[in-house]
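Now for the letters of each chain:
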Amino acid sequence: MNLTRRQFVQVTGAAAAGVAFSGLGSDLTPVMAHAKELKTKGAKETTTICCYCAVGCGAIVSTSQKDGRVINIEGDPNHVINRGALCSKGSSLSQLAESKNRLTQPMYRAPGAKEWKTVTWDWALDTIAKRVKTTRDAGFTAKNGKGETVNRTEAIASVGSAALDNEECWIYQAFLRSIGLVYIEHQARI
Amino acid sequence: MTNHWIDLKNSDVILIMGSNAAENHPISMKYVTEAQNRGGKLISVDPRFTRTSAKADIYAPLRSGTDIAFLGGMIKYIIDNKLYDEEYVVGYTDAGMLVGEGFDFKDGLFSGYDAGKRSYDKSKWTLQVDANGVPKRDLTLQDKRCVFQLLKAHYERYTPSLVSKITGTPEKDLAEVYKAYASTGAKGKAGTIMYAMGWTQHTVGVQNIRAMSIIQCLLGNMGVAGGGVNALRGESNVQGSTDQALLFHIIPGYLASPATNWPKLDDYLKRRPKSTDPLSANWWQNEPKYMVSLLKAYFGDAATKENEFGYPWMPKLDAGKSYSWLDLFDEMHQGSIKGFFAWGMNPACSGSNAGKNREAMAKLEWMVNVNLFDNETGSFWRGPGMNPANVKTEVFMLPACVSVEKEGSITNSGRWMQWRYAGPKPMGQSRPDGDIILALGNKVRELYKKEGGVFPEPVLNLKWDYASSHGEFDPHKVAKWINGYFLDDVKVGDTVYKKGTLVPSFAFLQADGTTASGNWIYCGSYTDKGNMAARRSQQDAPNNIGLYPEFAWAWPVNRRIIYNRASVDLNGQPRDAKDWVVKWEGGKWVGDVPDGPWPPLGNLQTPNSAARWPFIMTRHGFAQIFGPGLNDGPFPEHYEPLECPVEKNYMNAQRMSPVAPVWGGKADSFATCDPRFPYVGTSYRVSEHWQTGLMTRPQPWLMEAQPQMFVELSEELATLKQIKNGQRVKAVSSRGSVECTAIVTKRFKPFKLGDLVVHEVGFPWHYGWRWPESGKEESINLLTPSTGDPNTRIPETKAFMVNIVKI
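Residue numbers (this note's numbering), protein chains in the order written: chain A, 1 to 190; chain B, 1001 to 1807.
Wrong hints could be hidden among the right ones.
[Stated by the list, open to error] Here are the simulated lysine to aspartate or glutamate pairs, EDC-like style, with alpha carbons at most 16 Å apart:
| no. | chain 1 | residue 1 | chain 2 | residue 2 |
| --- | --- | --- | --- | --- |
| 1 | B | Lys1321 | A | Glu148 |
| 2 | A | Lys133 | B | Asp1755 |
| 3 | B | Lys1450 | A | Glu74 |
| 4 | A | Lys130 | B | Glu1446 |
[Claimed, not checked] Stretch-level coverage of chain A by chain B, calculated; a stretch enters the list once three of its residues show a Cβ under 8 Å from a Cβ in chain B:
| no. | segment |
| --- | --- |
| 5 | 53-63 |
| 6 | 121-132 |
The set of hints was computed from the structure by calculation and includes no laboratory data.
The structure displayed is predicted, hence computed values, not measured ones.
Cβ atoms here follow ideal geometry from the backbone N, Cα and C, with glycine treated the same way.
Looking at chain A on its own, in the form it has when it is part of the complex (with noise of 0.2 Å):
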């Protein structure tokens, strides 16, 4: 797909090289010579689709090879169905990847604290393993009301999530069930 681009360029540049007017009606010097000093020059390119509906569209990242950090994202001309194009949620991708306002580092609140505060991952991770632990052991059903086993704890729920991968889905449904959950849920029921 990426070399199909470029052989766009390729040729849309030779054409414009060759002779002034190309078939598209009009001198395209100028443009390629800007297209040169584009931000997405030698840019990383990856295919994705796009997070937001489900039609799945494709679209195309470019990311700086100097900051790792998305330059631009539009809509992927060879993908089947939007062959190209996005509506105005498609088009603000790079927007939602470079966000201000997005959370960068775990957080905690205490119990009838005001504020959040900064912790690290290891402790999150560590304290929530616990907690889990904790109310899973004390919540464990083995045997319901009527005698049956039933080998699960209904005293954890989750709900999430329709937003990950089909192996995130797959293994996060796999872990939950592993602990008993069954108040399993997410956007699907919604």
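Given chain A, work out where chain B should sit, using these hints.
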């Protein structure tokens, strides 16, 4: 979707109802427009004249919550005018099957109703079978007990005048829609439906879709190009997350969650009803292969035949009990749930009756909130009406990566599994969700290893080696495991498949523990030929209908149009020669991947014994016009929403669905025909925002385009209430109130229900106090009720009663 996005272009008539595709699935309109350019017609039925309506050839308004009346009228129109596709109806549907004498319908109730339990005894709704246990059929469709005649009798009441009195749709609009859509019953014509939450979020959600499915069966529109029943799903991977079973009632691949009625694996494996009809593929009879392969995927080597492949380690539901979203938050509200994961979700805004959810969160001991942004859920303790000092819930807020920062697959509405790649590195300390899940699993397992604990077997026996050599979550490893491996040398036919190789298709999965597959419907997605989801071929299939069979991969087995053997006649020749899907040629099927390899039926009286009926996922092999498995009846019937503007249901003696769940707590109040809340309210999306807005509200471009919570109301209602365009007003229901900016519009018009005039107003559901920082733009779900569909329990957020008052 039974079909897929590109296939919309093959349609002759597209009905968009319960969806506003132009604004919410904008790129889909590329193919709707293409269909129109090829001479097709677009029909939009919606309470509001949307941007989809603006593109439509025909627009008809209807009051929210009355779709079954509308569609029931269409069923009557099709039958009365003999516009159904008789060959299809007789050959491929259950229309000729005879229903047992126990089935009846009176006063809005089907037989078997128990008012105390608000439920039906479904054993009253069975089919008549012959001595071999095969359903009896009358191929002339004349028997009074055949499905077709019962259907006809059921919808006899749905006359245009009565339908119009319920829906508020003018009779001439009904006639125009019915005529246009029913034209697709002609041979070679295809009609399709594009629906979304406008159909599902009702106490009759499933039956809305069933009503349309019946129409599609009558018109011969299932399995054909440009046909099908197409749910436009709302999140990029909600199809995949459903397939992977992040829901209480299923485990991956739509297998039922283990429950107390199947205490042993053997009980579970025998649970599917058998078919004694040799021509019924009854595909679900293969379930044991999928279940055992799934258990092997969960527990790996620890799952053995001796320990029932780990089935005893799976948590069991109480049979018949629901653990759905509404039940979950009700339990949390009562304080019985102590710990909570909100992973990539925002229930403080997304759930119906969100105020109850927020109160419930304050009763938790701990919450883990994983997201891209701080949201109303993670920060619920500092939200409106909360005093942080009194909220004892501990909250962990973990930063997740944006999709472009991680690698893996997602599945679109058309069941296409598509691979995406990591571009930028994670921002700050954010992590891919997969890494967070893996790390958390590791920590919990370490604790059990070190300290022991209650019933540690499932925790410790779970196969959990999904890290790369660098210790990071490896999506390829998981994708291959979901696809499945041969765990032993397995001989299928004349071929021996070697231990350790990837299973090429679910037809090779075994019930004896020699294969593992995390999800049978994804078997074939990642094989020894490579990662099928990553394919990019621009080549269309020979039938040239936009299948693009080597672009990405579709479940099941890369089949792009489900039930495609119903698209051919009894000799296997396409009923639509131009836009054909499959055909029998030279002793095999060509075109799309067929729904099974079996030869054509030949004829109905003495069908080829090697053939199979086309609807292979149903027990008897036929499309089900009669739906005896649902909780609210075998035929869709009009009931009013929990909250409605009419004193009684004009169609029958039951005002609301007699089996829809209703909660009785203080937080669950509802008010129907209450003068304090005189207007019908509904919720919807705008193009610039998504879901609760959490991934769009923190963004400047999108917020500039759609900055505020608003209410749309008609000019007539604005005049009545003396409300001006742009004025700030308050919307109230019996559960809460929300400030909105009034948009006075021609898009809503008052509905005339006989002599009664009913006003409807509409709200976007994208807002919440956390973004924008003003804190004044709130969620409409503070107003929506605690009730939902009796089958799916999807909340009824599309029809509720409100008032609009000046501030």
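Consistency of the hints with the structure:
Between Lys1321(B) and Glu148(A), the direct Cα distance comes to roughly 14 Å. Compliance with the 16 Å bound is thereby established for this hinted pair. A distance of roughly 62 Å separates the Cα atoms of Lys133(A) and Asp1755(B); the hinted pair therefore is violated under the 16 Å criterion. In summary, the hint linking Lys1450(B) to Glu74(A) is not supported, as the alpha carbons are separated by about 50 Å, beyond the 16 Å threshold. For the hint linking Lys130(A) to Glu1446(B), the alpha-carbon distance of about 10 Å falls within 16 Å, and the restraint holds.
Figure legend: the segment 53-63 of chain A, annotated as covered by chain B; annotation consistent (9 residues with Cβ-Cβ distances under 8 Å, at least 3 required). A count of 10 residues in the segment 121-132 of chain A with a Cβ less than 8 Å from any Cβ of chain B is obtained; the coverage claim is therefore met, three being the minimum.
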